[in-house]
Amino acid sequence: MYPFSEGSYAVRNAWYVVAFSHEVTRSLMERWILNEPVVLYRREDGVAVAIAGRCPHRHFPLAAGSLQGDTLVCGYHGIAFNSDGRCVRIPTEGRTHSSFDIRKYPLVERWKWLWAWTGDPELADEALIPDHEAINLGRAESPSFPVSYHLVNGRYQLMHDNLLDLSHLAFLHSTKIGVEEVATTRDTVSSGPNWVRSMRLVEDAPSPPAIRERFGDAKLSQLIDFTFYAPALHVGLNRFELDVVTENESPTKVRLIDSIVFHAVTPATKHLTHYFFAVTHNIQDPSDLDNSKVKALALAVIEEDLRATELIERMLQGLDEKIRDRLTAGDTAVDKGRRILQSMMSAEARILNLSIPK
Amino acid sequence: MYPFSEGSYAVRNAWYVVAFSHEVTRSLMERWILNEPVVLYRREDGVAVAIAGRCPHRHFPLAAGSLQGDTLVCGYHGIAFNSDGRCVRIPTEGRTHSSFDIRKYPLVERWKWLWAWTGDPELADEALIPDHEAINLGRAESPSFPVSYHLVNGRYQLMHDNLLDLSHLAFLHSTKIGVEEVATTRDTVSSGPNWVRSMRLVEDAPSPPAIRERFGDAKLSQLIDFTFYAPALHVGLNRFELDVVTENESPTKVRLIDSIVFHAVTPATKHLTHYFFAVTHNIQDPSDLDNSKVKALALAVIEEDLRATELIERMLQGLDEKIRDRLTAGDTAVDKGRRILQSMMSAEARILNLSIPK
Amino acid sequence: MYPFSEGSYAVRNAWYVVAFSHEVTRSLMERWILNEPVVLYRREDGVAVAIAGRCPHRHFPLAAGSLQGDTLVCGYHGIAFNSDGRCVRIPTEGRTHSSFDIRKYPLVERWKWLWAWTGDPELADEALIPDHEAINLGRAESPSFPVSYHLVNGRYQLMHDNLLDLSHLAFLHSTKIGVEEVATTRDTVSSGPNWVRSMRLVEDAPSPPAIRERFGDAKLSQLIDFTFYAPALHVGLNRFELDVVTENESPTKVRLIDSIVFHAVTPATKHLTHYFFAVTHNIQDPSDLDNSKVKALALAVIEEDLRATELIERMLQGLDEKIRDRLTAGDTAVDKGRRILQSMMSAEARILNLSIPK
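Protein chains in written order, with our numbering: chain A, 1 to 358; chain B, 1 to 358; chain C, 1 to 358.
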């Protein structure tokens, strides 16, 4: 589906964030992932598990069932599954059948969120999860906060497109955090087999409205350095610095804002997306930065992104399906990111075709 | 469509309950039956009629028209039909055309509800309607009550599946009328060309919550004996008996509850179903049994069935269409019921194919 | 789509009313026309323009952007277009590309509404717009009023069908402006390559309820003379006259009502239609005729038409797609109108096929 080739929906052999840790409790929770229902809960020992959210007997949603210890009992006919997805009881029979076993999703709780593997379990290598230490998430030195979860009314790639072309800060977010110089400064794009990095340093630019309101009017330098770890996570550094020139001294830079943002994007259904937002603050006064004003600003910015995504999704659904978009010089990272995802999906499709006996 | 083979939707040469008698009056009522609009009303002599609900001229819903005597006048251009569906007036012409005649559905009012024949009128044999005397509906000796009509957000087979596998009582209705023993007691299934019967006697089992609340805690025996008269009606006997042992006497059984339930299931559209519920009480004190508490309990149980059906319908619509379910030992009657319906539908399709000239 | 042949949706090489003048301001307005988004606004010099409503970069709706002078700036990444649809800025590039140019719709403001050309701009000949002077719209001698705009939940042809078979006045509007004689009096139909005229003179008929209420009970003559200028506009004369016979004089006719109604019908999407209603009063006392009672009556009548259209659209969407309707003697103009539209669409399809290189 757009913008990918026909039949390409999402990368399956991958880790995706499926929940913040605090969302998963002893109450059953349903979340659709890659167009399939998943049920999430914690075992009595606190370990979070993810198994298929549909009873194979009559398609009843398992999240509408109940927990007996660690066993999930379907609310319709009482068929029960352990936390590995093995069927442990079929009440109308004296025994169980392995044909009633359901899928267990490899699940890893790291920092304050949960990563699930949606593909072949044999390929589920935890080393493929982005290294949280390396991306500055949850390290002792700097506080990291889960900020918000959103269910977005749009296909997931629209969120990736949004995050890979940050020239939109200058327009979509112009009343909050964007200045035109962000769009007119070309980003430097680098990439590897499964990542894309877009970096730009905007120097001597006016303060965007939200910064001006907080620190007064001044020329600032702004570093925007985002990396997309395909297919699931964007990690971005936003650094605002003020050049301070004092008498008899060489100019120094004062960091006004220095934070790392985390955007986890998970396909829910064909037209719905899970979106998880978190922040790490690198500078010293977190009491100031984690305050409600900053959160409110971040949420207001995200609302603009979600609204754009939803408007585009509605447009796509109203239009003829075969529409294509046009790329600009600001889309180098968008183009690279899409190519990486398409290549991952095409490789999976080839393997799938090979494995089907003729 | 699921769970039937592609192209199979519903049995057409059959009688279906389309309304309770009290629903059909001198006001026009539209009800979709087997994905077609039908209009229901009573003639001046009180006889209920069912004709096609769509004007052949411009597809205006005839239920939005008006009655002049027994004649239904389309509300758009005044084309009129008598209660046999014959076009009796085309205002812009001095005459009528038989090409404007619309379908009349053979309709039989029996007990307090109405059966319509949805197939070839020449085959509409009233003897095919389940014998109401034989199924204990509307007999003088025992009071029968229409309880409720529901428009269900799900395909009709989900309601049949529900009623053919009563092991669900033990789980879906566990806080009301179910105990585990109902699921663990294997039912005895018998069948004929167009009926399936599932019977189980659960002895020496604990009282379900609603019985316990009413009669106190005791071991009971419960007889559940349901017959599906394909494709339209389920008739079920629910009998709860208490074993009373008194000194010097042989043990006797006291009937606490002895009622027959009637579930009429009629396909409305592909994803909507009409559901009519009625009850006959076999024991002597109907003033006690028809009270509001019993009705409230029945409705609460039905709400659970409808919710399960709607959750499954939503699941099916979210999933890939080609999904299949898995049967358990508790599904003998489900399997038989589906085979009967599939076989009826396939036979109709063969006849239809034969009757189309090459 | 119904009632046209498969693949035929709407005539593209045509002028359609897209807005009343007062609707188009310096605020961007989106309106879908022929299943495509269009954005409407006025330049600083007051001239109204219509350009494509979708940014070719990322499909963001341009109506969610902003105006800088006459330039429309996309609200997502700041790509800008002048009022001719030429791309004038791509912020991430130092230059523009003609591949980002978007469609400009030829737009003509005539009387108090705007006509847009939806086809090949080279064929946009203003002479093809119905001559407003000739149809009595906006002439100095008689006041013309825009009455109302409606977004109708139905395909556009249902509105044409409504307006081409006025026998419906006698039934759909029987409590307001219709009498049976309108349906039983055969209309005289004439036509040209792109117009159909239906005229009927109903003599010595009872007053319809709304006239009776206003002028008392009397036998009237009523002239209904409607012309459809395919594919976009219906112009209709409604004239009610009272025959006054006084002593010693030859009988004279007194005009009670003499007004011309304008119904502009514009396909919005496959199942939505724009509908613009205007009136010209031919008789002398406009203060009386433009009063709120007459407006309320007209709107009440339109509400009945829209409700009929919406009921039929719902019916069509519920039914098997291949359904056909049946024509009556009252449908001569309907039939002619449909043939004209089908013939226009088929001609366009042939040209389109020719222009695609093999």
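In short, the hints are calculated from the structure, not lab data. Since the structure is predicted, the reported quantities are computational estimates derived from the model, not experimental observations. Please note that a few of the clues may not be correct.
Identical copies carry no separate label here, and so any pair may be met within one copy or between two of them.
[Unchecked claim] Below, computed lysine to aspartate or glutamate pairings styled on DMTMM-like, alpha-carbon distance capped at 25 Å: (1) 322 / 126; (2) 253 / 303; (3) 293 / 320; (4) 336 / 249; (5) 270 / 70; (6) 219 / 23; (7) 322 / 30; (8) 219 / 320; (9) 219 / 325; (10) 219 / 93; (11) 336 / 217; (12) 322 / 101; (13) 176 / 141; (14) 219 / 243; (15) 176 / 93; (16) 322 / 45; (17) 219 / 122; (18) 270 / 310; (19) 104 / 247; (20) 253 / 241; (21) 176 / 109; (22) 104 / 313; (23) 322 / 348; (24) 270 / 335; (25) 322 / 109.
To see whether the hints hold, each was checked on the structure:
1. 322 / 126: neither (38 Å within a copy, 33 Å between copies)
2. 253 / 303: Neither: 32 Å inside a copy, 67 Å across copies.
3. 293 / 320: neither (42 Å within a copy, 44 Å between copies)
4. 336 / 249: For residue 336 and residue 249, the Cα distance exceeds 25 Å both inside one copy (44 Å) and across copies (89 Å).
5. 270 / 70: neither (31 Å within a copy, 38 Å between copies)
6. 219 / 23: neither (42 Å within a copy, 43 Å between copies)
7. 322 / 30: between (33 Å within a copy, 22 Å between copies)
8. 219 / 320: This pair counts as neither: shortest intra-copy Cα distance 46 Å, inter-copy 55 Å.
9. 219 / 325: neither (35 Å within a copy, 65 Å between copies)
10. 219 / 93: between (75 Å within a copy, 23 Å between copies)
11. 336 / 217: The answer is neither: 36 Å in one copy and 70 Å across copies each exceed 25 Å.
12. 322 / 101: Cα proximity of residue 322 and residue 101: across copies only (19 Å, versus 40 Å in one copy).
13. 176 / 141: Neither: 29 Å inside a chain and 55 Å across chains, both beyond 25 Å.
14. 219 / 243: within (8 Å within a copy, 85 Å between copies)
15. 176 / 93: between (62 Å within a copy, 23 Å between copies)
16. 322 / 45: neither (50 Å within a copy, 38 Å between copies)
17. 219 / 122: neither (53 Å within a copy, 51 Å between copies)
18. 270 / 310: both (13 Å within a copy, 21 Å between copies)
19. 104 / 247: Answer is neither: 65 Å inside a copy and 58 Å across each miss the 25 Å cutoff.
20. 253 / 241: within (6 Å within a copy, 87 Å between copies)
21. 176 / 109: neither (34 Å within a copy, 39 Å between copies)
22. 104 / 313: Between copies only: 24 Å across, 31 Å inside.
23. 322 / 348: Cα proximity of residue 322 and residue 348: in one copy and across copies (23 Å, 21 Å).
24. 270 / 335: Classified as within: same-chain Cα gap 21 Å, cross-chain 33 Å, threshold 25 Å.
25. 322 / 109: neither (40 Å within a copy, 34 Å between copies)
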